[in-house]
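Those sequence lines, one after another, are chains A and B.
All residue numbers for the first sequence refer to the working numbering, where the first residue is 1 and numbers rise by one.
All residue numbers for the second sequence refer to the working numbering, where the first residue is 1 and numbers rise by one.
Just so you know, the hints here were simulated from the structure itself, not pulled from any lab data.
C-beta: ideal position from N, C-alpha, C; glycine also.
Where hints are given, some of them may not hold.
[To be verified] If you only want the chain B side, here are some residues facing chain A, beta carbon under 8 Å, derived:
#, residue
1, LEU57
2, ARG90
3, THR103
4, LEU105
5, GLU117
6, THR118
7, HIS312
[Stated by the list, open to error] Derived lysine to any residue pairs resembling SDA-like cross-links, with alpha carbons at most 25 Å apart:
#, chain 1, residue 1, chain 2, residue 2
8, A, LYS221, B, ALA145
9, B, LYS88, A, ILE121
10, A, LYS221, B, ASP15
11, B, LYS88, A, VAL214
12, A, LYS221, B, ILE283
13, A, LYS221, B, GLN85
14, A, LYS125, A, ILE148
15, A, LYS221, B, GLY46
16, B, LYS88, A, VAL111
17, B, LYS88, A, PHE235
18, A, LYS125, B, SER50
19, B, LYS204, B, SER50
20, A, LYS125, B, ARG62
21, B, LYS88, B, GLY46
22, B, LYS88, B, ALA130
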Amino acid sequence: MLVFIIKRIANAAMVMLAVALLAFLIFRLAGDPVELMANEQMSQADRDNLREKLGLNDNFATQYARFVVNAAQGNFGISYRNNQEVLGLIAERFPATMELVLVATFISLVVGIPMGVITAIQRGKWYTESLQFLSIIGVSLPSFVVGILLILVFSVSLGWAPAFGRGDVVDFGWWSTGLLTSSGRAALILPAIALSLYQITLIMRLVRAEMLEVLRSDFVKFARARGIPRWRIHFRHALRNCLMPVVTMTAMNIGALIAFALITETVFQWPGMGMLFIQAVTFIDIPVMAAYLCIVSFIFVFLNTLVDIAYAVIDPRLRAR
Amino acid sequence: MHDKPVLEVRDLQVDFPGRHGTVTALSNVSLSIAAGEILGVVGESGAGKSMTGAAILGLLERPGHIAAGEILLDGRRIDNLPDHQMEKVRGREIGAIFQDPLTSLNPLFSVGAQLSETIRQHLPMTKSQARVRAVELLAEVGIPAPSERVNHFPHQFSGGMRQRVVIALALAARPKLIIADEPTTALDVSIQAQITALLRRLCKENGTAVMLVTHDMGVIAETADRVAVMYAGRLIEIGAVDQVLRAPSHPYTRGLMASIPALGARVERLNQIDGSMPRLDAIPPGCAFNPRCLSSGPRCRMERPDLVPTAHSTSACWLHAGGTA
Ligand SMILES: Nc1ncnc2c1ncn2[C@@H]1O[C@H](COP(=O)(O)OP(=O)(O)O)[C@@H](O)[C@H]1O
Ligand SMILES: [Mg+2]
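Looking at chain A on its own, in the form it has when it is part of the complex:
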């Protein structure tokens, strides 16, 4: 068991090193950092000084190692654009993205699970078939189209919710939340729906497939024979046996949602990490881009590893000694 955990963590570390290499290469390939940072009036001596200070005269391996060590300590350098600590910039935006992602995840579970159960138990009815069909549309519609449609209908035509921004936020230490103010909640709802749509269909399809499998099992047949009512069998006995893969997928997809949020944040002008990244791209703000890449990958790899380990712990064959 311990060996397994160590292996998984080593694996995750390897992946992170590869990601760091990629981020580091962006630095090298995007042009001379000194040229990017320097202004017109800087003398050649100043430039050489800066080059020396940034360690750009060292060889490739040394620079990469320094990058990894710094990144591991949360030091991603200074933003080229506004001379702020990159980590601080990201930390400022992180709560907005996380809140969006978590609310979207919550919506996708609350909507997706019952839809999956219903399409499984009412198979063949016209309304479940239409749900299935709609879910295909849900998967194939690009999320910026969904976002724009939502804005058109609910912000522009109906005026129910704001089309951009985060509303008022309340600060708790370095974390800021929009959940506690009505304008914050109103601003959150449309982007969260836009972001959750794809996830809803994924969860619905997963639950449906799992349910169909579980409903064929003997213990469901035996529960029927014991006179347990249908709804109780479906929502208690069968659904509970489906939840493990749903929890797994949800946890793993949080990383993917953070990445997807980039588009949603742009459409809704949501002040999250994704927006920060897009702005960084337009200004060729390499340290911010590299930090974003590393942090999102880290969340991704961290969740995957956690789920893998949790699986091994929960597996009854291991649990039963």
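For this one, chain A is given, so just place chain B with the ligands on it according to the hints.
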């Protein structure tokens, strides 16, 4: 036996409409079971034994349905009840035990939770009363340390112990009838006898009627009071166990009897009936058994024999109905 039967099945027919026409899986099945009586149902795999049980429980898989006949429980028709009423019959008045105890229980709930759930579904009891009852039931089916075991999960029980839990679940609301579909087939031989003995004891103590499905004539000989033999979706012989075992009147029953080694006798090899049972969509005209029958005559290939009383039992064979095959 002059008691009014607990279960009465009359001319039951089960159809499966399909793309290539309707398949009749059961036809003209008639049987009855009295309180405290064990009716064994035997036949080769695919004969329709499980189907008969499923029809009685109202658990036929769609599109299968009862196309003709009726099923009476204590004189009340149950074959035409809507599902929400049938839910009150299943578990409450008819208990069921299936073949595989390893998969009959929900792995995520303790056996106590599953027992309490069943008890409270059918009887007006509080949680704590149901808990007490669950422990009593586990004790009744011979599970040691029941007050501890009640909190355990299915995977913590052996196969035999799990089947005892399944029996406890079937008994939870004291049903009048238990349908046990091959309850020992999936178990170790050493445990099979214990489970059938337990079933028999509980049936006699509580006056429960039992339909015991098996393909093992040995189990029938040890456990059942009467026996019904099925072949290709029909009953072909039914009668008291000692009569049928001593003097089987249908050639198929005789063949089945020959396939179990007599107690004490040394057997060189088991006699199997040559050939195999026909598929439901390819049942030969006349007696369904005639292609495999050693005593068949021209009449057997043209007309289907009905069940008629013979000296020892009731059987469907021209040898007894008309004297000639
Ligand atoms: N869903 C179904 N559709 C059509 N035929 C079925 C279906 N389920 C079972 N059958 C057929 O019904 C017959 C009886 O099956 P069953 O009662 O399970 O036999 P057994 O006597 O072994 O318990 C078999 O020939 C089987 O092929
Ligand atoms: Mg069967």
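Status of each hint after checking the structure:
1. Using the Cβ-Cβ criterion of 8 Å, the hint placing LEU57 (chain B) at the interface with chain A is satisfied: the shortest such distance is roughly 6 Å.
2. With 8 Å as the threshold, the beta carbon of ARG90 (chain B) comes within range of chain A, its nearest partner Cβ sitting at about 4 Å, so the hint holds.
3. At its closest, the beta carbon of THR103 (chain B) sits 4 Å from a beta carbon of chain A; the interface hint therefore holds under the 8 Å criterion.
4. This hint holds: LEU105 (chain B) has a C-beta 6 Å from the nearest C-beta of chain A, less than the 8 Å allowed.
5. A hinted interface residue such as GLU117 (chain B) counts as satisfied when its beta carbon comes closer than 8 Å to some beta carbon of chain A; here the least separation is about 7 Å, so the hint holds.
6. Evaluation of the THR118 (chain B) hint against chain A yields a held restraint, the C-beta minimum of about 5 Å falling below 8 Å.
7. Look at HIS312 (chain B): its Cβ only gets to about 34 Å from chain A, farther than 8 Å, so that hint breaks.
8. Proposed proximity of LYS221 (chain A) and ALA145 (chain B) is contradicted: the alpha carbons are some 29 Å apart, above 25 Å.
9. Annotation: proposed proximity of LYS88 (chain B) to ILE121 (chain A) holds, straight-line Cα distance about 21 Å (limit 25 Å).
10. Of the supplied pair hints, the one linking LYS221 (chain A) and ASP15 (chain B) holds, its CA atoms being roughly 20 Å apart against a limit of 25 Å.
11. Under the criterion of a C-alpha separation no larger than 25 Å, the hint pairing LYS88 (chain B) with VAL214 (chain A) is consistent with the structure, at around 24 Å.
12. The suggested pairing of LYS221 (chain A) with ILE283 (chain B) is violated, with an alpha-carbon distance near 30 Å, which exceeds 25 Å.
13. For the suggested pair LYS221 (chain A) and GLN85 (chain B), the alpha carbons sit about 17 Å apart, so the restraint of at most 25 Å is met.
14. For a cut-off of 25 Å, the pair hint linking LYS125 (chain A) to ILE148 (chain A) is broken: about 32 Å separates their Cα positions.
15. About 19 Å separates the Cα atoms of LYS221 (chain A) and GLY46 (chain B), which keeps this hinted pair within 25 Å; it holds.
16. For a cut-off of 25 Å, the pair hint linking LYS88 (chain B) to VAL111 (chain A) is broken: about 32 Å separates their Cα positions.
17. Taking the CA atoms of LYS88 (chain B) and PHE235 (chain A), the gap is about 19 Å. The hint holds against a cut of 25 Å.
18. Proximity of LYS125 (chain A) to SER50 (chain B) is assessed by CA-CA distance (about 29 Å); at most 25 Å being required, the pair is judged violated.
19. With a C-alpha separation of about 23 Å, the suggested pair LYS204 (chain B) and SER50 (chain B) falls inside the 25 Å cut-off, and the hint holds.
20. About 15 Å separates the Cα atoms of LYS125 (chain A) and ARG62 (chain B), which keeps this hinted pair within 25 Å; it holds.
21. Between LYS88 (chain B) and GLY46 (chain B), the direct Cα distance comes to roughly 29 Å. Violation of the 25 Å bound is thereby established for this hinted pair.
22. For a cut-off of 25 Å, the pair hint linking LYS88 (chain B) to ALA130 (chain B) stands: about 18 Å separates their Cα positions.
Violated hints for the displayed structure, listed by number in ascending order: 7, 8, 12, 14, 16, 18, 21.
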